[in-house]
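Trainee: Single-letter residue listing:
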Amino acid sequence: MGAVLKHPTVAFLSRRLLHSAVVLLGVLVVVFSLLQLVPGDPIRIALGTRYTEASYEALKSASGLDRPLLVQFFSYLGNSVTGDLGVSFRSGQPVTELLMNRLPATLSLALVGIIIGLVIALVVGIWAALHEGTVSDAVVRIASQFGVSIPDFWMGLLLITVFSATFHLLPSSGYVALTDDPWQWLRHIILPASAVGLVAGAILTRYVRSAVLEVVSMSYVRTAKSKGLSRRVVTFRHIVRNALIPVLTIAGIQFATILGGVIVVEVVFAWPGLGNLVYNAVATRDYPLIQGTVLLIAVMFLAVNLLVDMLYAVVDPRIRLS
Amino acid sequence: MTTTLDVEHIDSTRIASWRLLLSNPVTVVSTVVLTLVLIVAVFAETIAPYGINSIDVPGALQAPSSAHWFGTDDLGRDVFSRVLVATTVSLKVAVVSVAIAFVAGVTAGVIAGFMRGWFDTIIMRVVDVMFSFPVILLALAIIAILGPGVGTTMVAIGIVYTPIFARVARASALSISVEPFVQVSRTMGVPAPYILRKHVLPNITAPVIVQTSLSLAFAILSEASLSFLGLGVQPPDPSWGRMLFDAQAFLGQAWWLSVFPGAAIFVTVLAFNLVGDGLRDVLDPKQRSIMEARAKK
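Line order of the protein sequences matches chains A and B. Quick note on the working numbering: the first sequence kicks off at 10 and runs consecutively. Quick note on the working numbering: the second sequence kicks off at 43 and runs consecutively.
Only chain A is shown next, with the shape it has when bound in the complex (with noise of 0.2 Å):
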């Protein structure tokens, strides 16, 4: 048993997910203190008009506000980790209920957007470093920097008025999902996945080009070259391999991104996923609903860099060596 956790590997994973688990708690920690942070009486504020005494014992009984603080956090804390993340102020529904219904709409989302990004990343970085110093790297790398530096939003309202307004070609809004009608669920996630997608592809394409451009230089690449080897053997097997190491941490983290951040192109597309439901929460002080949305997005985002983080050390020996 000793000699199993002193593995490198093991010895590395154990203090990454020990990190994690004090991440995790602090994650918890701000999530429960947003409510107790609102200036005022939350219960009255998410009330507003629909204010009755009757209706505020209740929903502050229901809510558990009535308690000490401390038994609150300990309560708040011991329901999150078995999954109850108390009732929406608004519909009076299961937060985690709500939230398992817009999680499939904003992983496709996040999926396809990534899976384009990674497409367009490798092909141009790729291209891009092998021809370094050319025309074509140049108009790569103008690219990627105007890529960087678009919103996605807008990138979102400039396809829909190319491909939806002008063309009629996709729809501008909607979402079917992919078991009821994978023809509907195509057409209608290839816009906003785009939009997340392109400006995603214009960050990794500058980590692809760097990464290739630094394996290149490598004395094996040089070793295997003058050994006589093929051009295309050289490339994929010497060079891309072992570039895409340090391109897939990128790319994890490049996910995460969108999972939290297609907030804004969600409302654009008026996609049902876990942004668009964060956004009507906030509009209507939905405090429960806004603490499981920000919950369920920190932990995703926790779980994809650490799951990242695990993939790195096992493919590459020298992170968890060093």
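By construction, these hints were calculated from the structure, which means they are not laboratory data. Among the hints, a few may not be true.
[Claimed, not checked] Computed footprint of chain B on chain A, listed as stretches where at least three residues anywhere in the stretch have a Cβ under 8 Å from a Cβ of chain B:
| id | stretch |
| --- | --- |
| 1 | 42 to 48 |
| 2 | 84 to 98 |
| 3 | 106 to 118 |
| 4 | 204 to 213 |
[To be verified] What the simulated footprint calls covered on chain A by chain B, stretch by stretch (three residues with Cβ under 8 Å from a Cβ of chain B suffice, anywhere in the stretch; the number is not a length):
| id | stretch |
| --- | --- |
| 5 | 286 to 296 |
| 6 | 305 to 316 |
Just so you know, even glycine gets a beta-carbon here, dropped at the ideal spot from N, CA and C.
Given the structure of chain A, go ahead and fit chain B onto it with the hints provided.
Mentor: Leaving out everything else, chain B in the frame of chain A:
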């Protein structure tokens, strides 16, 4: 104690940095663009040909023309004038929020990196927790607590960008504080505030300057996103994000309503990014040696 030799060395390094910076045409062009954006931000009200809330319903949704360079919106208001005046708000929000992040982040980061120990551990765990929240989501949560508006947007963006400044400043402060000259100063009993002011702060300026430029770009994007969601600048004051939100209803019939405010965000963010990249090339020793080698070729 600063000797004459030190002063000469610092001066020659500064001149070399400026030369390198000016030798990059992209950085020069983006600096000129940024200067123009700043001039527009300061004199927007004077330059704007029309009042930002001058409603002219019969002249609504006019395409760009010599009278209205960027066309008119659904209330007949001049889009060019509104884009110009929105520059002031966007830059004001970006500058104030980055200033908040700069002061809070650099202070926490420098003290953490210099003191190390429990203070460093606590600060870095807080930074880790804050990094677990996507930027827009955290800003949205803060605005949900404080209520929408320009002031709260500045505070929200300021808070979400504090951790990055703390991390950059801490890393630099940590590497400087283990240098022999700092260790000797500490051993000699030189007071910590003096060491921080004389040795640590001057040595962390380069990465912090680069981060400031890049953060200004992100802050403009964040402000535009929050205003698009109706949580930042409130109507009738113009903001690029809010103008894009209003443009959604007219995408098929008035392309100019979405193109020009979006282009204004794009150009400003691009300029800040390029200036940030240019500064990094010159201030980062690894990049700098590459550039100097290229310049000598």
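Trainee: Taking the hints in turn, state whether each one holds.
Mentor: Hint check:
1. For a cut-off of 8 Å, the count of residues in the stretch 42 to 48 of chain A with a CB near a CB of chain B stands at 4, and the three-residue condition holds.
2. Counting residues of the stretch 84 to 98 of chain A whose C-beta lies closer than 8 Å to any C-beta of chain B gives 0; at least three are required, and the coverage claim is violated.
3. Proximity of the stretch 106 to 118 of chain A to chain B, defined as three or more residues with a beta carbon under 8 Å from a beta carbon of that chain, is not established by the 0 residues found.
4. Coverage of a stretch by a chain is defined here by at least three residues with a beta carbon nearer than 8 Å to that chain's beta carbons; for the stretch 204 to 213 of chain A and chain B the count is 0, and the condition is violated.
5. Evaluation of the coverage hint for the stretch 286 to 296 of chain A: fulfilled, as 7 residues show C-beta separations to chain B shorter than 8 Å, against a requirement of three.
6. Only residues whose C-beta sits within less than 8 Å of a C-beta in chain B count toward coverage, and the stretch 305 to 316 of chain A has 4 of them, enough to reach three; the restraint holds.
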